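S.K.: Each chain, letter by letter, is given below.
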Amino acid sequence: MALKPLMEAPEFESQGYFQGEFKPFKLSDFKGKWVILCFYPADFTFV
Amino acid sequence: MAISCDTVFTHKVWQEEELSKMVPGGVPFPMLSDPGGKIGQAYGVYDERLGLNIRGRFIIDPDGVIQAMEILAPPVGRNVEELIRQVKAFKYVRESKGTEACPAGWEPGKATLKPGPHLVGKVWEIWKPK
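Residue numbers (this note's numbering), protein chains in the order written: chain A, 35 to 81; chain B, 305 to 434.
Don't read these hints as lab results, they were simulated from the structure. Do not rely on the hints blindly, as some may be mistaken.
With beta-carbon atoms standing in for the labels, derived distance ranges [what the hints assert, rightly or not]:
id : chain 1 : residue 1 : chain 2 : residue 2 : range
1  : B       : Val427    : A       : Met41     : 45 to 55 Å
2  : B       : Pro419    : A       : Lys67     : 25 to 35 Å
3  : A       : Phe56     : B       : Tyr396    : 29 to 39 Å
Computed footprint of chain B on chain A; a stretch qualifies when at least three of its residues, placed anywhere within it, have a C-beta under 8 Å from a C-beta of chain B [what the hints assert, rightly or not]:
id : region
4  : 35-44
5  : 47-53
6  : 57-70
7  : 73-81
For clarity, every value in this text was computed on a predicted model and none was experimentally measured. Think of the CB as a built atom: it goes at the ideal place given N, C-alpha and C, for glycine as much as any other residue.
Produce the complete structure using the sequences and hints provided.
M.R.: Take a look at the structure:
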């Protein structure tokens, strides 16, 4: 089913790079905060 | 958070070699890896043909509910000012516990609307397009 506003954001867990460290991030780690999730095609591209 | 199908190793090198030259200290948010685009598929932004996630942007509230989304094809970039405006507006509405609404083009300090029977047909008195 297509995702739409007012639907629950799908939970995910993934490896991330932040402040010089590799560590796992889960969406639910951010409960209680506003989250901006930006997908983009690839690193080292132009836009 | 930013997320692409790249590995965290590529993220590290991109941050060190390029992003940190555009933004002092590098970008101040986590860069996540989405191998195979599984998370992108869950969010409806994975393009099978490209094998990549296209530019999907989601504003998720403190309860984990999506309040806004925008999906762009790869060649055009996003507008950060518009993203920030939307976040401010959604925060404002949440703080009002849904009693107020932000009309088109709203920015902090501008008039909001208090939806109810009294407002029907009267929006023109409060809100005028530029």
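S.K.: Each hint should be assessed against the structure and marked as holding or not.
M.R.: Going through the hints against the structure:
1. B:Val427 to A:Met41: 45 to 55 Å: This hint is violated: roughly 28 Å between Cβ atoms.
2. B:Pro419 to A:Lys67: 25 to 35 Å: With Cβ atoms ~27 Å apart, the hint holds.
3. A:Phe56 to B:Tyr396: 29 to 39 Å: 36 Å, holds
4. 35-44: holds (count 9)
5. 47-53: It holds: at least three residues are needed, and the region 47-53 of chain A offers 5 whose Cβ sits within less than 8 Å of chain B.
6. 57-70: Since 10 is at least three, the answer is holds.
7. 73-81: holds (count 8)
In this structure, only the earlier hint numbered 1 is contradicted, and the remaining ones agree with it.
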